[in-house]
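Colleague: Each chain, written out:
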Amino acid sequence: GIQVEQSPPDLILQEGANSTLRCNFSDSVNNLQWFHQNPWGQLINLFYIPSGTKQNGRLSATTVATERYSLLYISSSQTTDSGVYFCAVLYDKVIFGPGTSLSVIP
Amino acid sequence: DSGVTQTPKHLITATGQRVTLRCSPRSGDLSVYWYQQSLDQGLQFLIQYYNGEERAKGNILERFSAQQFPDLHSELNLSSLELGDSALYFCASSAGLAETQYFGPGTRLLVL
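Residue numbers (my numbering), protein chains in the order written: chain A, 1227 to 1332; chain B, 2 to 113.
Misleading hints may appear alongside valid ones.
Subject to a maximum C-alpha distance of 30 Å in a straight line, what follows is the list of computed DSS-like cross-link-like pairs (lysine-lysine) [as the list claims (entries may be wrong)]:
(1) Lys1280/A to Lys1319/A
(2) Lys1319/A to Lys58/B
(3) Lys10/B to Lys1319/A
(4) Lys10/B to Lys58/B
In short, the hints are calculated from the structure, not lab data. Being a predicted model, the structure only gives us computed values, none of them experimental.
Pulled out of the complex, with its shape left as it was, chain B reads as follows (with noise of 0.2 Å):
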């Protein structure tokens, strides 16, 4: 167990809906990191937040936002979707900006 807990562990919607998936990052870490998993695509960085603040940007669709609140706890949102958005969304954390990910065990959203 990382200590990274992310809500909830399967979702699935339809097209052109919108979803909330929440992660609480370890105790203590500040970084919060948000990651998509598909098949043909691999591992992909959407985003970085530290202590609140966004810090990083990877390949985030302008339909996909974050946000981290004063608890550290985060959410991705993610809105009008695709079939092409079935994937795996994992977050992780670090106690810093650039230190040691630790991941949570994924929210696996599926878009019919």
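This is chain A alone, in the form it adopts within the complex (with noise of 0.2 Å):
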């Protein structure tokens, strides 16, 4: 079945730094979506980005279909940043990866 890559696992960032988070996967997608779960457990939208770019406030993402991976761009990191984002893909099924979590500190 399709394999769905995080990197890096783990990332500690001071306020107001830049990060780039990645997502790989192994074989073509009907979809993707990026979300962040916070510290309560919360699973939050933050793109449906099957190919190309979208931006919102301090976040964007960009797919590349054809070499199958996405990237999420967090810029002027926030404390409120911190917790797990998760890039998933829908194949016949939807499939996580296994989350890249973020720790913003002051």
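With the hints as a guide, bring the two chains together.
Modeller: In structure tokens form, the structure reads like this:
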């Protein structure tokens, strides 16, 4: 079946720093989403991005479907960005990556 | 608030018991997904329903079953519960078959 990998597994940032999270997938997919799970466990949709680039405030995402990867950019990070970031792909079923755990320290 | 509701928020039960988790999708959404999140397995897709019909199946155990009703709410039934079934169970909904998913707050299940 399709494999989804995320890197890095863990990331610690100083407030105000920028970061790039990566999601690699092993086969063509129908769609791709990025989610943020906050420290209270809530899963929040960030982007639905099967291809191309989208921006929402300090966050942006790019998916290059032909090369089977997606990137999530976080600029000017804030402590509220802490949590786990997941990418999820839809193949014949939904497959989540293992996540990147982000800690933003003041 | 995603617009997806799940009940109950917390559930504590004993091994061998049966529980039912309920999910109401966002207004107008036809697809409902169920997920299990545990510390050792991560987020696992269980099953998807679309407009009342089973659409895709993931790592759902035979002891688990689900259905989507005519009013589009969904229930996940977990039976013969084991300690390893303790997890956070999420429901998500989307408008169509492969569109943006919105997650509910989850049901935290503890099996003692």
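Colleague: Going through the earlier hints one by one, which of them does the structure break, listed in rising order?
Modeller: none
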